[in-house]
Amino acid sequence: ELKVEQNPLFLSMQEGKNYTIYCNYSTTSDRLYWYRQDPGKSLESLFVLLSNGAVKQEGRLMASLDTKARLSTLHITAAVHDLSATYFCAVEGMNRDDKIIFGKGTRLHILP
Amino acid sequence: DTEVTQTPKHLVMGMTNKKSLKCEQHMGHRAMYWYKQKAKKPPELMFVYSYEKLSINESVPSRFSPECPNSSLLNLHLHALQPEDSALYLCASSLHWATGELFFGEGSRLTVL
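Which chain is which? The protein sequence lines are A and B, in order.
According to our numbering, the first sequence is numbered sequentially starting from 1.
According to our numbering, the second sequence is numbered sequentially starting from 1.
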């Protein structure tokens, strides 16, 4: 059974700092997604990672996937307050009918 | 059009009421989903429709009844709900079932009194 673990679950950081959110998963997969959710809002797709070594960047966020380590990272560079949100990773198993499993989410609070 | 539209945005209902949540997408996606999300938790999958057929029912109580009238529409009929059913209900779609990127609607925030 596919399990997805994110850490940290809560992160408070200063503007201008760098940090990384980790997403580990338990079974083979090469399809991983990152979503952002603002308080009271829906989920917005950030990154789609579909192969080992995939790296995607958008502004101050960069996501990568290492399928051998079963690990994805979401790196934040020079954080700004607007990036405060909850970030979820979601992993899809390799079998045809596997569901997408969400991590518990990382609540990111960036202090101005 | 890359939107998933949900109505209503907010719904307050009593435990004896019958109401429906509606979801619409015009992206040609053939898989549509209902998720339930409680505060500070990840979304929990409830139902998946693939090509208008119910593919997954995650042991959801029968007081929630999904319906997929056509490939663009998804409804969730609510009857005799409990206060613990209060949550954000998210509709999502993807190109096909088990092919990844989910596009979420804005959600319907449900309060059961």
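Just so you know, not all the hints are guaranteed correct.
[Stated by the list, open to error] The calculated lysine-lysine pairs, modelled on BS3-like cross-linking and capped at a C-alpha distance of 27 Å, are:
(1) K3(A) to K9(B)
(2) K22(B) to K9(B)
(3) K22(B) to K56(A)
(4) K9(B) to K104(A)
(5) K9(B) to K56(A)
(6) K104(A) to K18(B)
(7) K3(A) to K19(B)
[Claimed, not checked] Some but not every residue of chain A turned toward chain B, in silico, with C-beta under 8 Å:
(8) Y19
(9) T20
(10) S45
(11) V48
(12) G103
(13) K104
By construction, these hints were calculated from the structure, which means they are not laboratory data.
Values in this document were obtained by computation on a predicted structure and should not be read as measured data.
From the three backbone atoms N, C-alpha and C, an ideal C-beta is built for every residue, glycine too.
Going down the list of hints, with the structure as the test:
no.	hint	verdict
1	K3(A) to K9(B)	31 Å, violated
2	K22(B) to K9(B)	10 Å, holds
3	K22(B) to K56(A)	34 Å, violated
4	K9(B) to K104(A)	24 Å, holds
5	K9(B) to K56(A)	32 Å, violated
6	K104(A) to K18(B)	32 Å, violated
7	K3(A) to K19(B)	34 Å, violated
8	Y19	20 Å, violated
9	T20	20 Å, violated
10	S45	6 Å, holds
11	V48	5 Å, holds
12	G103	7 Å, holds
13	K104	6 Å, holds
Figure legend: structure checked against the earlier numbered hints; hints not met, in rising order: 1, 3, 5, 6, 7, 8, 9.
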